[in-house]
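Asker: Sequences and hints are given; from them, build the entire structure.
Taken in order, these protein sequences are the chains called A, B, C, D and E. The first sequence maps to residues 1 to 85 in the working numbering. The second sequence maps to residues 1 to 128 in the working numbering. The third sequence maps to residues 1 to 261 in the working numbering. The fourth sequence maps to residues 1 to 516 in the working numbering. The fifth sequence maps to residues 1 to 504 in the working numbering.
To be clear, the hints were calculated from the coordinates, so they are not data collected in a lab. Incorrect hints may appear among the rest.
[Stated by the list, open to error] Cut-off 20 Å, straight-line C-alpha distance, at most; resulting in silico cross-link-like pairs (DMTMM-like, lysine to aspartate or glutamate):
{"hint": "1", "chain 1": "A", "residue 1": "Lys25", "chain 2": "B", "residue 2": "Glu119"}
{"hint": "2", "chain 1": "D", "residue 1": "Lys161", "chain 2": "E", "residue 2": "Glu439"}
{"hint": "3", "chain 1": "C", "residue 1": "Lys8", "chain 2": "B", "residue 2": "Glu120"}
{"hint": "4", "chain 1": "D", "residue 1": "Lys163", "chain 2": "E", "residue 2": "Asp306"}
{"hint": "5", "chain 1": "D", "residue 1": "Lys168", "chain 2": "E", "residue 2": "Glu444"}
{"hint": "6", "chain 1": "E", "residue 1": "Lys377", "chain 2": "E", "residue 2": "Glu439"}
{"hint": "7", "chain 1": "D", "residue 1": "Lys190", "chain 2": "D", "residue 2": "Glu203"}
{"hint": "8", "chain 1": "A", "residue 1": "Lys76", "chain 2": "B", "residue 2": "Glu120"}
{"hint": "9", "chain 1": "D", "residue 1": "Lys168", "chain 2": "E", "residue 2": "Glu439"}
{"hint": "10", "chain 1": "C", "residue 1": "Lys27", "chain 2": "E", "residue 2": "Asp210"}
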Amino acid sequence: MPILLLEGLLLLAMISIAIAIIFGKNLLAATIIYCGFSFSAMLLYTIVGAADVAFTEAIIGTISTVYFIIAIKSIKNRGEHDEKK
Amino acid sequence: MTDIIDRLEFFLADRGIYMLALILFAVGIYGMIACGNYMKKIMCMNIMQVSIIFFFLTFGQKEGGTLPIALENIFSAEAYINPVPHALMLTAIVVSLGTTGVGLALLMKIKDIYGTIEEEEITGKGGK
Amino acid sequence: MKKSNSNKKLAAGLIAIIILVGASALKIGSFLPVIGAQDTPANSYLSEYYISHAVEDTASHNIVTAVLADYRGFDTLFETCVLFLSGITAVMILSTKKKISHDKTIRTINDNSEHIFSSNIMDAAFRIVVPIILIYGIYVLIHGEISLGGGFQAGALLACAYLLDRIIPSFQMRVKHITDEIALITAGTGALFYVITGILPMLNGGNFLEFNKLPFGSGAGDIAGLHSTGILMIEIGVTLCVMGIIITILEVVLERTDFDD
Amino acid sequence: MITESLRPALAIATALLAAILILFFGNRLKPNVREGITLVAAAVMTGLVFSMIPKVLGGGAFVAELWTIADGIQLKLKTDGAGMVFACIASFLWILTSVYSIGYVRGHHEKNQTGYFAAFAACIASAIGIAFSANLITFFIFYEMLTLATYPLVAHYRDEKAKASGRKYLAYTLVSGQLFFAAIVWVYAKYGTCEFAAGGFIEAGSMPKALMCVMFFMMIAGGVVKAGVMPFHGWLPSAMVAPTPVSALLHAVAVVKAGVFCLLRIICYVFGPESSAWCGGASVLSWFAVFTILVSSMVAMRQDNLKARLAFSTVGQLSYIVLGICILSVYSIAGAMFHMVAHAFLKITLFMCAGAIFVTTGLSQISTMGDLAKRMPVTCVCFTAASLGIAGLPLMAGFISKFNILQGALTMGKPMFIAVLMAAALLALSYLIPVVRIFFGKESSSQTVSCTAAEHGHVHSSSGFDAAPAMLIPLVLTTVVAIILGCFPDAGTHLYDMAVMAAEEIMGEGGIYLAG
Amino acid sequence: MNQIAQHLPVLIILFPLCATLLCPLISHFSPDWGKRSVISALFLSVVCAVWQLVIVVSSGESIHYFLGGWKPPIGIEFAVDNVNAVIILLVAVISWTTSLFSSPFEKKERTRSLYSAGYYSMLAFLAVGLLGMSTTGDAFNLYVFMEITAISGYGLIAVGEEKGPIASFRYLMTGTIGASMYLLGVGFLYASTGTLNMADLADKMPQLTDSPLIIIAVACLIVGFGIKMALFPLHGWQPAAHSYAHPGADPMIAGIMIKIPAYAMLRFFYCIFIEDSKVMQLFFAALGVMAVLGVLFGSLKALRYDTYNKILAYSSIGQVGYIAMGFAIGNVYGLIGAVLHIVSHAFMKAGLFYTSGALKYRYGIHETTYLGQVYRKMPVTSLTMVVCALSMIGLPPFAGFFSKWYLALGAIQKGQYIFVAVLILSSLLGAIYFFRIIEKLFMEREKISDEENNMRTEKKGKELPWQMLVPLIVVVAAVILIGLFNAYIAGDVLKPVITEVFLK
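Answerer: Now the structure itself:
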């Protein structure tokens, strides 16, 4: 498959993921999709030939997803605590 | 069939990829402005930054170029993909990680103060 | 009702923007060079120099690393600083906090059986994965000039190992928790190491970060060797800093979270 | 003939230094020391200013180029004839007003005396600066300093009324000041200089007539407002809420005179008589002045508050000077300049009298002042003399200046102005003489006086003869000076000579001039 | 000595950088010494900046420092000419005074040693970022420094008052968009020239005049810089950020954080693009409109508020409009006015925010209604307030007047009379809201609640700690001295470089 076509498809996928994030209701779901976004970004970078950037993106994607999840967790806890009070 | 693919490919090479990247950029910015949820805003910020990084990387692409790791036997510049955008974007990517970290910290702080991370509710509580 | 209405508005705006930007981007795209072309200004001017001189200048086969750590080493210094700064900022922002009461945190760690992330499989996987990650991290650090990777990736990998350790509690207590302060100090020291690597040539009559004036190395002939020493040194600094900061942010965020539910 | 000397700068520096000393240490010093600083500074400054007179009379000038204040423009001071006239009256009257102020604020137990004396000194410093400025930028700097330094004086009492008049004052002066600023920039950008030159440096016809007219009016905006030409006089009567020495200073010495002086500088030293006449600005301004002279006199007649009446009288008299400048002949300009002197001495006498009456008896309304002459004979006599002088009676300072202005109008062939000037003299008599009549009349008894005084609760020396000496001596002195100047205009400091000299310089060597 | 002198441009940045990296370590043992190390490092920067200014001005040549020993365009270059050196000195001075100023605040709030370290690290990083922005000659390096500035800004705003985090978050969003726009613009430039060095970009420009790519790049850059400098339609983040930032750091945030992007914009546009190209016409037109609207909007909006900080924040929007106006005028005097206004406004605004911080420190208030008679207790603060306010209005002989003078002169020389009208109008509006403050300060009766009364009596007789007085005095002296001796700065220091480099 030609490289550019693959790039184009991946970009389209990323755009749709972005739209899904904007319109999604569930934050956790959004975070998981974001993980997918980050993965497609990594693929894209690899295709373009930027291996270093892709490598970094892979690690950063992981770390930021973990951060996001922890943050969601903490926010939810907070909310529940408040409700309990 | 190959004809269509060829044309499509030419379109993509000429302007299509740029268009898609810029659309991604616009969607990111739009999300940052329009989304009510602060967490989503941060995600959209990342999306925007990814699009810019990709945009830069496309400048460095070369038909038939290999990864910018010097091999023993090839020295001609045409053989390698342009490494400059890669170096720049590594920096940019790290910066975006830093920004995300700060954004998340802020988010949690806002949650502490206002008990919510929805823009509307905060504005309603006098968060102006 | 209200929600769906606002969603509609959102969608309408989005479609409008996509069409608008798409149309203008088509126009803009036609001015930009064709992707993959060889003779664009971006591909021919500076990059040619970098590609053809990187190996003899810096003995680094990975041209990206050469550009990143040597030709534009100053950028990288401040990239590291950005990270350090973001760590410190996160700590500051969350410092005036209503902490989750301390005993609860301890309980969370001790009552591993209840924890969602904890299971035998996880634990076993953890035992296998962490050493591999650590080794790989160090490999990436040292071989940054030859193959992919560099200080940043290495630091992130090392931090990942800790991250796994932190969020997957095991039956045995392992590494002691690193407090955010210690992690910050590590990060600061790492970045300082970078700065000192830059300052050393200044004492030897060179400019800031001018590695061929580093005060060690065999003789005048081995300029590329000096450069690769310099690159290794700053990679170590970057690794330390990145690791420290990722751990800092993690700790700060985790401190406010309990996996209790 | 031009001597580089720091003397003009020293004169300003003395007053500024006094202001700063008082401001920073005033609260820690005893009142005596504080007032001592004022008096010493006043004396030193007057000495410095007067010591420069001989040189200026001889046709020379002291020039102090201090440093470059903006790219290409020097902070430059120069003592020419016109400036010396203004500087002399400002510095000399500072001594008298400060002596008077001391009496006044003590008798009246004013608050915030430190700020008061500091602002007073700053006012005088800027007035002297205005007098000596050699270019527009220097002029503007001191001009705005004067605005700022006067503001705390106007709003001295810090109650709602004082604040309102302070705001009004600022509104008028700042708006006009900004227009002035724009005009200065314009002139500098267009002509590349902003150095004052006798006879002006803007040539008629160097730009379209309408544009030059706009420039002219923007330029004089600052002066017109400070000089209180109607309809821009609004701030002056409302500034009456300030203590009387302030009013005296505002009306007689610093502020309004600075406004008039500003007009003189702009019409005669920037545009020059030729361009001013060519663009039509001068004649329009002169009609404004005529209007002001007539209307203000009428308004003055209806004021019952003594200070308000005097304020409107000031508005009218200043327009005299404006008119004199706008007639643009040697005589009238000299007359206008000398009227600055004459009016300064006369009006300050009147205000000091009003203040002395207020402090001693607590009276401020004219209608309650019946039979005051018995209680304060000296004050009343001085008041009468000064009133006659304002009206332009021969042998008083006012006569010479008015005569010159008339002569100027005559030579320029402007009968309308002559009529106005004559009418104005009568009008001045008609609003001041009733006051005098009430002073010496027998309508109201002395009981009323003491009653109102008791009501006001201001009386502290009700048993003494006339006003307190600190107030009485200055006002007697000014009266005497006014009379001396009327009889011998060149007495002592040769102010009249200097005025004539400056006027001749402005108009060129045209016409033989006879002393009046 | 000579050897040190040759490293000055980078040393100025390295001192605070080393201090801030060491700060957590030192603070671990002694927070006070951590703080002191940052303050003294910033002081060393001031010394170096003065030295550098002297060298640059006396030799008349600009310093080029090649980082890593790589000649540009291969490596990154620091270029210091007269204008740069002035701006660097400005940043160094304000950073140092601010670090001194915030020391009592920080002591009061200190909960753990890390807090002290963190606060001072952020402050020093803000200084590093701003110094870097004003020194660097590389477009991408500018982006990195911009982000450093921005992130430390987010932190300092977030740790401020209660609404700080929200303001900070909004700033984070807008600021990131701005930085991304800038990066996009640089991307376009890179795509069309293949280089990132500013001098090299300038060399390549003549062949590319009126290329559509350049126009797009300029549009992106204007938006990017516009957001960072809070130019009128892009100012949304600014009022909240400036009014809720940490009171100790606010002078720096309000004083220079929006000025240095403006200065970077000046350098970027005037050094790279050719003056009579289509691109610059677009730049002039866009900036002119934005400036005029911004000046009017800022001044009018400031009238509506009673909170000291808000008034100052909105007036900043107007003042940034002045600077943009200078860029839009684009002749020698316009640019001198703009640069001088960057300097003078930085001092004035910093001074006003120092007074705001002092009020906050002493009384815990920001409302102007409580200002009555404060001058009796805090004479130095009030003096600063008055001097800075008068300078803001643009009354002589303070610094603000002369920058206005040059701006007006430039505008008239170029025939842009509307700019002069706007300048005057905005001065008058400024006079309204500043005299309202001054009137309250001196004329109003004391108006205090019981709680404040206790606070007042508690510290009777003492104005402020010396760490807070020094900045106030420095600022007042700077405003007056820049006013009186501006001709030296404008004529001898700025003018040669502006005519040669910016308007070649």
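Asker: Hint by hint, say whether it matches the structure.
Answerer: To see whether the hints hold, each was checked on the structure:
no.	hint	verdict
1	A:Lys25 with B:Glu119	holds, 15 Å
2	D:Lys161 with E:Glu439	holds, 13 Å
3	C:Lys8 with B:Glu120	holds, 17 Å
4	D:Lys163 with E:Asp306	holds, 18 Å
5	D:Lys168 with E:Glu444	holds, 17 Å
6	E:Lys377 with E:Glu439	holds, 16 Å
7	D:Lys190 with D:Glu203	holds, 12 Å
8	A:Lys76 with B:Glu120	holds, 18 Å
9	D:Lys168 with E:Glu439	holds, 13 Å
10	C:Lys27 with E:Asp210	holds, 16 Å
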